[in-house]
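Residues per chain, in single letters:
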Amino acid sequence: GAVVSQHPSWVICKSGTSVKIECRSLDFQATTMFWYRQFPKQSLMLMATSNEGSKATYEQGVEKDKFLINHASLTLSTLTVTSAHPEDSSFYICSASRGRGNTIYFGEGSWLTVV
Amino acid sequence: EDKVVQSPLSLVVHEGDTVTLNCSYEVTNFRSLLWYKQEKKAPTFLFMLTSSGIEKKSGRLSSILDKKELFSILNITATQTGDSAIYLCAVELLGTNAGKSTFGDGTTLTVKP
Chain A
4 GAVVSQHPSW
14 VICKSGTSVK
24 IECRSLDFQA
34 TTMFWYRQFP
44 KQSLMLMATS
54 NEGSKATYEQ
64 GVEKDKFLIN
74 HASLTLSTLT
84 VTSAHPEDSS
94 FYICSASRGR
104 GNTIYFGEGS
114 WLTVV
Chain B
243 EDKVVQSPLS
253 LVVHEGDTVT
263 LNCSYEVTNF
273 RSLLWYKQEK
283 KAPTFLFMLT
293 SSGIEKKSGR
303 LSSILDKKEL
313 FSILNITATQ
323 TGDSAIYLCA
333 VELLGTNAGK
343 STFGDGTTLT
353 VKP
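These protein sequence lines map, in sequence, to chains A and B. Under our numbering, the first residue of the first sequence is numbered 4, with each subsequent residue one higher. Under our numbering, the first residue of the second sequence is numbered 243, with each subsequent residue one higher.
The shape of chain A in the complex, shown without the other chains (with noise of 0.2 angstroms):
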């Protein structure tokens, strides 16, 4: 079964509206989770390190106030998409480690779509 759980699984949402996605490990505590977006017939790029308990770690290009990450829980982290529009449309996927040098595991991905 999953390990990392990530809802919804897709979601359809007005421009300027906000959306909430979330990540969770389900037998393990990850202090540390990732959010990557992919978009169609790309990699994945590593928008931020999600850490628990304070502010997430941004990759360069990504904006924080437009993507907010919070990790208030050892098993949850979740990635707000602040006023979507169109190009925010994506596919984004969270990912977490029991710990360095375990298997990374991924969500179940979700998709977005702006209209």
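Derived by calculation from the structure, the hints in this document are not laboratory data. Here a beta-carbon is modelled for each residue, glycine too, at the ideal position from N, C-alpha and C. Just to be clear, a hint being listed does not mean it is correct.
Just a few of them, taken from the derived set where beta-carbon distance is under 8 angstroms, the chain A residues facing chain B [stated by the list, open to error]:
#	residue
1	P11
2	L47
3	D68
4	S98
Distance ranges between label pairs, derived from CB positions [to be verified]:
#	chain 1	residue 1	chain 2	residue 2	range
5	B	A320	A	G19	32 to 38 angstroms
6	B	S300	A	D30	18 to 24 angstroms
7	A	S12	B	D244	29 to 35 angstroms
8	A	V118	B	S294	45 to 51 angstroms
9	B	T262	A	P11	36 to 42 angstroms
10	B	K309	A	P11	36 to 42 angstroms
11	A	M48	B	P250	19 to 25 angstroms
12	B	E281	A	N54	26 to 32 angstroms
13	A	N54	B	S304	50 to 56 angstroms
14	A	F31	B	S300	33 to 39 angstroms
15	A	T85	B	S293	42 to 48 angstroms
16	A	N54	B	A320	42 to 48 angstroms
With chain A's structure known, arrange chain B on it following the hints.
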């Protein structure tokens, strides 16, 4: 800048063929190299490689790492239509949070009946 380069970008073969997918990398502090298979949703883990020259096998898939030449290959023998997917190579770095990875662009494999 850390870089992971996969080749070819796409490949079309027929069932029964053997394919070799390539992944080369230039990174500052290598920890491990990972291969994933991605179909319609999120990537599924195939292999994690940390040492040179040790082949990892899982059924018809195998992979090996060369840390001197900075590359890895993923072999698939006797391909089946179910092997059609995007194969992603990623490098995990030392000195970073566990699990932080840089991905290559992927190889899209199409296996025709």
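Hints and how they fare:
With a cut of 8 angstroms, the hint placing P11/A at the interface with chain B is violated, because the nearest CB-to-CB distance is about 13 angstroms. Here the hint on L47/A is kept, as its CB sits about 5 angstroms from the closest CB of chain B, short of 8 angstroms. A hinted interface residue such as D68/A counts as satisfied when its beta carbon comes closer than 8 angstroms to some beta carbon of chain B; here the least separation is about 22 angstroms, so the hint is violated. Given the 8 angstroms rule on beta carbons, the hint for S98/A holds: about 6 angstroms separates it from the nearest Cβ of chain B.
In this structure, A320/B and G19/A break the distance hint of 32 to 38 angstroms, their C-beta atoms being roughly 52 angstroms apart. Hint check: S300/B to D30/A, Cβ distance near 23 angstroms, so the stated range 18 to 24 angstroms holds. At roughly 31 angstroms, the beta carbons of S12/A and D244/B sit within the given window of 29 to 35 angstroms. Between V118/A and S294/B the beta carbon distance is about 50 angstroms. The supplied range of 45 to 51 angstroms therefore holds.
In this structure the hint that T262/B and P11/A lie 36 to 42 angstroms apart at CB holds, the actual value being about 38 angstroms. For the pair K309/B and P11/A, the supplied restraint of 36 to 42 angstroms holds, since their beta-carbon distance comes to about 41 angstroms. Here the CB-CB span from M48/A to P250/B is close to 21 angstroms, well matched to the stated 19 to 25 angstroms. Judged by the Cβ atoms, the range 26 to 32 angstroms given for E281/B and N54/A holds: they are separated by roughly 30 angstroms.
The supplied range of 50 to 56 angstroms is broken by N54/A and S304/B, whose beta-carbon atoms lie about 36 angstroms from each other. Checked against the hint of 33 to 39 angstroms, the C-beta distance between F31/A and S300/B comes to roughly 23 angstroms, which is inconsistent with it. The hinted range of 42 to 48 angstroms is satisfied by T85/A and S293/B, whose Cβ atoms lie roughly 44 angstroms apart. Hint check: N54/A to A320/B, Cβ distance near 44 angstroms, so the stated range 42 to 48 angstroms holds.
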